[in-house]
Amino acid sequence: MTDTSINSQASTGDAGFGDFFSLLKPRVMSLVVFTAFVGLLAAPVDVHPLIGFASILFIALGGGASGALNMWWDADIDRIMKRTRNRPIPAGKVTEGEALAFGSFLSVFSVVMLGLAANYVAAAILAFTIFFYVVVYTMWLKRWTPQNIVIGGAAGAFPPMIGWAVATGGISIESVLMFTLIFMWTPPHFWALALFMKSDYHEAKVPMLTVTHGRKATRTHILVYTLLLAPIALGAAFTSIGGPIYLAVALILNALFLKGAWDIWRRDETAAEADSYRTEKKVFGLSLVYLFGHFGAILMESTLAQFGMGGW
Amino acid sequence: MALKVEHELHQRRLGRNVGLGLVLLGFVALVFGLTVVKVERGDFSATPPQAEGSE
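Residue numbers (the working numbering), protein chains in the order written: chain V, 1 to 312; chain C, 1001 to 1055.
Just so you know, these hints were derived from the structure itself, not from any lab.
Where a beta carbon is used, it is the ideal one built from N, C-alpha and C, also for glycine.
Each hint should be verified, as a subset may be incorrect.
[Said to hold, decoys possible] A short, non-exhaustive set of chain C residues, derived as facing chain V with CB atoms under 8 Å:
(1) G1019
(2) G1021
(3) V1028
(4) V1039
[As the list claims (entries may be wrong)] Computed Cβ-Cβ distance ranges for the label pairs, DEER-style:
(5) V:T303 to C:V1018: 36 to 46 Å
(6) V:M139 to C:A1046: 41 to 51 Å
(7) C:V1018 to V:M139: 31 to 41 Å
(8) C:V1023 to V:T303: 27 to 37 Å
(9) V:T220 to C:K1038: 47 to 57 Å
(10) C:V1037 to V:W140: 47 to 57 Å
(11) C:L1009 to V:A271: 48 to 58 Å
(12) C:V1023 to V:L228: 34 to 44 Å
(13) V:A271 to C:V1018: 51 to 61 Å
(14) V:L258 to C:V1037: 17 to 27 Å
(15) V:N86 to C:A1046: 46 to 56 Å
(16) C:K1038 to V:R266: 53 to 63 Å
(17) C:V1023 to V:L304: 31 to 41 Å
(18) C:V1037 to V:P26: 43 to 53 Å
[Said to hold, decoys possible] Okay, the calculated bits of chain V under chain C, using three or more residues with CB under 8 Å as the criterion:
(19) 43 to 51
(20) 135 to 143
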């Protein structure tokens, strides 16, 4: 253990409320809350507002708990990567033991409470999501295979399915489509990030595709996944969660995302370095708009349906 | 002259304790609200509502 690592250790009881909140990865949680909320509202069953609110809260807590457990397990590489160096554990604000206890407690608490507030199908999917993110992705895949993002992305894709299950008590083609949309979107989103945060993953020895297969292969993968994503996103327009607004949004966003992926694929490293990865950064930003746009359109269709509009 | 300087650590602990207190209060209110909703819907009744009505 180096002097730096000794000095960076926090002592128990020193962490503030905000430090524990940061362990929940609030930015990721906002995506979880939004997609779960859309899944809940898009379902064809009415939910009492308080039960809906409580369910979203417990889903968010479950997502946050898995974030805390991820930070506990990954504290060693978080200290190396520039992007994660300021997280509560590497910054010395929260001890690893506190993060483990906090994450474990919230995991059990959120699953039990979701089961009691909504139903056990939703609780079971939440439990599986936490297990998948912490054990399958964080502990197993992340440091072992460059496909970590592809398979691990499933964890982030479950929230709309949980929201749907809160309302209906089950799984359907629509909830599977919302899952698949996020599942297929995750790889190009993260690989675009990996292209311009290149030294981070390399130094932390995380087998990101950019490190193991090279940057040209990563560019090709982004294009292939974007091509596979488009029919799924457009296909959802013709189910009960879609409609003309969703179709219009999906057409525009998929055209833009495909153009971005095409631009990334055509570039080489010299061109990318010359303009400080401008295209890659632009596509990463667009990927966020892409996801929020699609789910926002689903939300709009379901809201309009309440007034006899929306849908086909 | 009284010297009463509060250490930053104590401020942080106070903030954490107040935060936790508010979270617990919110949780109690949420469970109370959920209980009211579920009782009104008949989720906790021993016999299903339709069976009672058919008597």
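How the hints compare with the structure:
1. Evaluation of the G1019 of chain C hint against chain V yields a held restraint, the C-beta minimum of about 3 Å falling below 8 Å.
2. Checking G1021 of chain C against chain V: minimum C-beta separation of about 10 Å lies over 8 Å; hint violated.
3. A least Cβ separation of about 13 Å between V1028 of chain C and chain V goes past the 8 Å threshold, and the interface hint is therefore violated.
4. Checking V1039 of chain C against chain V by beta carbon gives a least distance of about 12 Å; that is not within 8 Å, so the hint is violated.
5. Between T303 of chain V and V1018 of chain C the C-beta distance comes to about 37 Å, which sits within the given range of 36 to 46 Å.
6. For M139 of chain V and A1046 of chain C, the hinted distance range of 41 to 51 Å is satisfied, since their beta carbons lie about 45 Å from each other.
7. At roughly 35 Å, the beta-carbon separation of V1018 of chain C and M139 of chain V lies within the given 31 to 41 Å, and the hint holds.
8. Taken as a hint, the range 27 to 37 Å holds for the pair V1023 of chain C and T303 of chain V, whose Cβ atoms sit roughly 31 Å apart.
9. For the pair T220 of chain V and K1038 of chain C, the beta carbons lie near 53 Å from each other, so the given range of 47 to 57 Å is met.
10. The hinted window of 47 to 57 Å between V1037 of chain C and W140 of chain V is violated, with their beta carbons roughly 40 Å apart.
11. In this structure, L1009 of chain C and A271 of chain V meet the distance hint of 48 to 58 Å, their C-beta atoms being roughly 52 Å apart.
12. A beta carbon spacing of about 42 Å between V1023 of chain C and L228 of chain V agrees with the range 34 to 44 Å that was offered as a hint.
13. At about 53 Å, the CB distance of A271 of chain V to V1018 of chain C agrees with the hint of 51 to 61 Å.
14. The given range of 17 to 27 Å is broken by L258 of chain V and V1037 of chain C, whose C-beta atoms sit roughly 46 Å from each other.
15. At roughly 54 Å, the beta-carbon separation of N86 of chain V and A1046 of chain C lies within the given 46 to 56 Å, and the hint holds.
16. Range check, K1038 of chain C to R266 of chain V: about 57 Å between beta-carbon atoms, so the 53 to 63 Å window is met.
17. At about 36 Å, the beta-carbon gap between V1023 of chain C and L304 of chain V stays in the expected band of 31 to 41 Å.
18. Look at V1037 of chain C against P26 of chain V: about 28 Å separates their beta carbons, and that is not inside 43 to 53 Å.
19. With 3 residues having a Cβ less than 8 Å from any Cβ of chain C, the stretch 43 to 51 of chain V passes the three-residue criterion, so the hint holds.
20. A count of 0 residues in the stretch 135 to 143 of chain V with a Cβ less than 8 Å from any Cβ of chain C is obtained; the coverage claim is therefore unmet, three being the minimum.
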